[in-house]
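A.B. asks: Note that the protein sequences, when read in sequence, are chains A and B.
Just so we're aligned, residue 73 is where the first sequence starts under this note's numbering, counting upward by one.
Just so we're aligned, residue 73 is where the second sequence starts under this note's numbering, counting upward by one.
Each hint should be verified, as a subset may be incorrect.
When chains are identical, the list treats them as one kind, so a pair holds in a single copy or across two.
[What the hints assert, rightly or not] Below, simulated BS3-like cross-link-like pairs (lysine-lysine); rule was C-alpha separation at most 30 Å, straight line: (1) K383 with K363; (2) K383 with K185; (3) K234 with K217; (4) K263 with K154; (5) K292 with K383.
Read the hints as simulated data drawn from the structure, not as lab findings.
Protein chains: 2
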Amino acid sequence: MIEGKSSVLVVGSVAVDWVITPTAEREESVGGSATFFSMAASYFGSVRLLGVVGSDFPEQAISDLKGRGVDTGGLEIIPDGKTFRWKGRYHDNMNDRDTLDTQLNVFETFDPKLPTAYRETDLLFLANIQPDLQLRVLDQMSGPKLVGLDTMNLWIGTARAKLLQVLERVDVLMINEEEARQLTEEPNLVKAAAMIGTMGPKSVVIKRGEYGALLFHGGKVFSAPALPLEAVVDPTGAGDSFAGGFMGYLARCGDMTTENLRAAMIYGSVLASFCVEGFSYDTIAALDHDKINARYEVFANLTRFDDARLKD
Amino acid sequence: MIEGKSSVLVVGSVAVDWVITPTAEREESVGGSATFFSMAASYFGSVRLLGVVGSDFPEQAISDLKGRGVDTGGLEIIPDGKTFRWKGRYHDNMNDRDTLDTQLNVFETFDPKLPTAYRETDLLFLANIQPDLQLRVLDQMSGPKLVGLDTMNLWIGTARAKLLQVLERVDVLMINEEEARQLTEEPNLVKAAAMIGTMGPKSVVIKRGEYGALLFHGGKVFSAPALPLEAVVDPTGAGDSFAGGFMGYLARCGDMTTENLRAAMIYGSVLASFCVEGFSYDTIAALDHDKINARYEVFANLTRFDDARLKD
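With the hints as extra help, turn the sequences into a complete structure.
C.D. replies: Have a look at this one:
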């Protein structure tokens, strides 16, 4: 049981992306899993960010994060260092993408060190970074009440043993379909989720991009839709915004009941739907509770149907 | 407006399949769009089937259809003819499949002729056959109240003009994602559905296999999930079972209100979920209202979430 109005700590990448879509392009687009997560979670309560950037990182982005109340005390700035950079091109369907370039830069030697104030944070989200770094963060925490984790095919393939160590200490795993299959070597998602449940996590969130997300928890499944959108501008950061809305809502309301987890899935979907409507964090930096509530209502209408059972 | 308890007429293939999955195989597996549709729709009201088979078609299958109350008076049996045959192999993910062989056989010269009693049917479903045949069926009907249509990439590519003629006379189009994009040359599904709305159909159902289906109607979207299943035995016929549940429910309840269409989407999903749990029509021939209602309830639980809007 966690207290309501708890803080969330996120550890992950803070990046400068170069995003190319079929109709537009943005060079120097601020991104990174921790950036998107923090912006999304900031509407639910207090957020602490741990990461590293170089001196090339735009000061405006740090102001924007602070403006949303995000604690950036744990964002290390390496003088003369260069920020993590990713360049990618989206296909016509806006789902598939090709990575054109990845430069780890200051992320290559990142050694996460938690400010003392961070160690007591109740909720921890380990965004998609090397499992070894995730373990080092976990070891510096004084017993977080709820730990969420993201990972990727690269770590499942190359750092499996470490990843399994992390998983033992995780409450909620967020992973995409193919990663769930790769981790468990089981093509059926229901069986794969059950297998992940034996590795540590009490809840498994399977992300399916434009098809929404599934939550496996307590032997039950919940299906959260994605909102069909007329204008998808830039899908970068959708998964991290989902995680930010999800963890942020859990921090706000207190405990991991089935009802709270389901609402958290919808808040995750709400924030992801806003994220893809703009480049970088343009849209998710400009929300308020009214806009978020209105879209929550759109999700309710998207899935609502009557009890219309057959009578003989 | 259609009357409640109306009949549904389906025109489509009646086939013998050879289905190979990663773990099992069935030669001589009775299939075909009209077969699956009829079985699924039979739980909602009376169903009439129009199609053609050869003398090799198993008599048991005709008995099974009759046993479910399906009117097979329009199923032509060609003496010495050979039934339409399809052979396919499913991949490990049970979604993608390779067609290994297709033999049109008696379907090649099929000239649909409606028995007099069929012409007055209120609801018509034109399953996935050549648009020219679909037009010939439409021309023999005396003003059906509701027409549903399925089609495929082949006809969009090779018989576009005829298909557009059919579309003008259709109320509900059921189509998969890629076909919707191909038909409209628009990658965004929301825009594609709106464009299809200008071609004739008042409602567009976009089928997404294991990801469920979307309904576009009256400027609104409804997202129906697919049920995550632990054991998918044979996905063949899932889309046709969906169509049967969907059209069958509309025939039963009478008119195309938003609420009825949404419930029809769930009944379609319910029948599709049963279909994939067995080979051929094994599972959907063995249902009853209690089993169908219980699964409708499973779908309700799969998507249910609370109103949990943020208060400042």
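A.B. asks: Would you mind marking each hint as holding or not holding in the structure?
C.D. replies: Hints, verified against the model:
1. In the homo-oligomer, the alpha carbons of K383 and K363 lie at most 30 Å apart only across protomers (12 Å), although the nearest pairing inside one protomer, at 41 Å, exceeds that limit.
2. Taking the closest pair of Cα atoms, K383 and K185 never come within 30 Å of each other, the shortest separation being 63 Å inside a single copy and 35 Å across copies.
3. Proximity of K234 and K217 under a CA criterion of 30 Å is satisfied intra-copy only: 21 Å inside one chain copy versus 63 Å between copies.
4. Taking the closest pair of Cα atoms, K263 and K154 never come within 30 Å of each other, the shortest separation being 43 Å inside a single copy and 41 Å across copies.
5. In this assembly of identical chains, the alpha carbons of K292 and K383 lie at most 30 Å apart whether taken from the same copy (27 Å) or from different copies (28 Å).
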